[in-house]
Amino acid sequence: MHTIWVDADACPVVIKEILFKAAQRTEMPLVLVANHFMRIPNAKNIQFRQVGAGFDVADNWIVQHCIADDLVVTADIPLAAEVVAKGTLALNPRGELYTESNIRQRLNMRDFMETLRSSGIQTGGPDALNQKDRQAFANQLDKWLAKHKS
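The opening residue of the sequence shown carries number 1 in the UniProt record's numbering; numbering runs sequentially from there.
Since the hints were made in silico from the structure, they are not lab data. There could be a bad hint or two in this list.
Said to hold, decoys possible - Per label pair, the in silico range of CB-to-CB distance: (1) Gln50 with Ser118: 17 to 23 Å; (2) Ile40 with Ile121: 35 to 41 Å; (3) Met38 with Pro78: 18 to 24 Å; (4) Glu100 with Ala53: 21 to 27 Å; (5) Lys86 with Asp142: 33 to 39 Å; (6) Asn139 with Ile67: 33 to 39 Å; (7) Met1 with Ala85: 20 to 26 Å; (8) Glu17 with Ile121: 31 to 37 Å; (9) Asp56 with Thr115: 18 to 24 Å.
To be verified - In silico lysine-lysine, BS3-like type, Cα no more than 25 Å apart, as pairs: (10) Lys44 with Lys132; (11) Lys86 with Lys132; (12) Lys44 with Lys143; (13) Lys16 with Lys149; (14) Lys132 with Lys21.
Given the structure is predicted, the values throughout are model-derived calculations rather than measurements. C-beta: ideal position from N, C-alpha, C; glycine also.
Model the full assembly from the supplied sequences, consistent with the hints where possible.
Put into structure tokens, the structure is as follows:
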């Protein structure tokens, strides 16, 4: 059976709630990975894995455990690039799918923005998650679930 993996440290609460409801409705395995404790619903198919503190510890754990055709929910573009290279689909909290055809461009843009920030240019952060983003995420999640239900 496929699994939904969540890079949970930075995942917005509203997205986790969507994931919890979907996992409970479909009984799809859902694993949240973070370096700090978080509460999850009491359901046999929903798990929490607390990893040690440190740079990319949760990301590395997800990369080691996900397999082809699983789904990884993350806004971390380098993590998305690693899991896409394994044949795993990556979905960000705004509903954008990271695939082999677009991940290189996203990674290049991220690196470019990082270079701008390190040179002192203020680039600003992303807009707050809005209803359109939540709906786009829910729609992409539903498509993946429909394709991968057992």
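Results for each hint:
1. Gln50 with Ser118: 17 to 23 Å: violated, 31 Å
2. Ile40 with Ile121: 35 to 41 Å: holds, 39 Å
3. Met38 with Pro78: 18 to 24 Å: holds, 22 Å
4. Glu100 with Ala53: 21 to 27 Å: Violated, at about 32 Å.
5. Lys86 with Asp142: 33 to 39 Å: violated, 23 Å
6. Asn139 with Ile67: 33 to 39 Å: violated, 24 Å
7. Met1 with Ala85: 20 to 26 Å: For Met1 and Ala85 the Cβ distance comes to about 22 Å; the hint holds.
8. Glu17 with Ile121: 31 to 37 Å: holds, 35 Å
9. Asp56 with Thr115: 18 to 24 Å: holds, 20 Å
10. Lys44 with Lys132: violated, 31 Å
11. Lys86 with Lys132: At roughly 29 Å apart (the allowed maximum being 25 Å), Lys132 and Lys86 break the hint.
12. Lys44 with Lys143: holds, 23 Å
13. Lys16 with Lys149: The given pair, whose Cα atoms are some 20 Å apart, holds under the 25 Å limit.
14. Lys132 with Lys21: holds, 18 Å
Violated hints for the displayed structure, listed by number in ascending order: 1, 4, 5, 6, 10 and 11.
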